[in-house]
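**Q** By the UniProt record's numbering, the letter at position 43 of the sequence shown is numbered 43, and the numbering carries on one by one without gaps.
These aren't lab readings, by the way, just hints derived from the structure by calculation. Even glycine gets a Cβ: it sits at the ideal position worked out from N, Cα and C. No false leads were slipped in.
Now the in silico label distances, taken between C-beta atoms and shown as ranges:
{"hint": "1", "residue 1": "I115", "residue 2": "R2", "range": "17 to 25 Å"}
{"hint": "2", "residue 1": "A7", "residue 2": "W35", "range": "31 to 39 Å"}
{"hint": "3", "residue 1": "L134", "residue 2": "H16", "range": "33 to 41 Å"}
{"hint": "4", "residue 1": "E131", "residue 2": "S4", "range": "34 to 42 Å"}
{"hint": "5", "residue 1": "R36", "residue 2": "H16", "range": "31 to 39 Å"}
{"hint": "6", "residue 1": "P129", "residue 2": "A30", "range": "17 to 25 Å"}
{"hint": "7", "residue 1": "A30", "residue 2": "L134", "range": "16 to 24 Å"}
{"hint": "8", "residue 1": "E131", "residue 2": "Q15", "range": "41 to 49 Å"}
{"hint": "9", "residue 1": "D130", "residue 2": "Q15", "range": "38 to 46 Å"}
{"hint": "10", "residue 1": "P12", "residue 2": "I115", "range": "18 to 26 Å"}
{"hint": "11", "residue 1": "L8", "residue 2": "A72", "range": "37 to 45 Å"}
{"hint": "12", "residue 1": "W35", "residue 2": "P12", "range": "34 to 42 Å"}
{"hint": "13", "residue 1": "P12", "residue 2": "R133", "range": "37 to 45 Å"}
{"hint": "14", "residue 1": "T116", "residue 2": "R36", "range": "24 to 32 Å"}
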Amino acid sequence: MRLSRTALPGEPIAQHDRAWPALMRRLGAAQLRVWRLDALIESADLVISELVTNGFQHGRGDTVAVRLWRTATYICIEVDSGPSPWTPRTRQPDPYDEGGRGLHLVAALSDTWGITPDGSRTWSVLAAPDENRLS
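Assemble the whole structure, with the sequences as input and the hints as a guide.
**A** See the structure below:
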């Protein structure tokens, strides 16, 4: 799904755009239920929320695209927000910083995750529970 920005890239997140992470969480949870992967909903909710928020906050594209797909053994969550002048990375926030922990959470919940070299796309892989793997 491709989400259009209300604010210009690089500006603070517009009030209207603040609704997108919650909507994407609901759509992601609905798709995981269809795939009978309810056990992944809680982790996927947090990953989707972090990646979509980062896409709006730091991305430089006119849109933020969200893609959720599955293979026999895992699901992948991808967020593309256009090439960025900086590459997303984990950092060590000070205890009183309001932000800077999102990618640590993504890393902790994901079996693997990564960022494309141009910083445009961030992705997370979550393994399907054995009983829900496709044969």
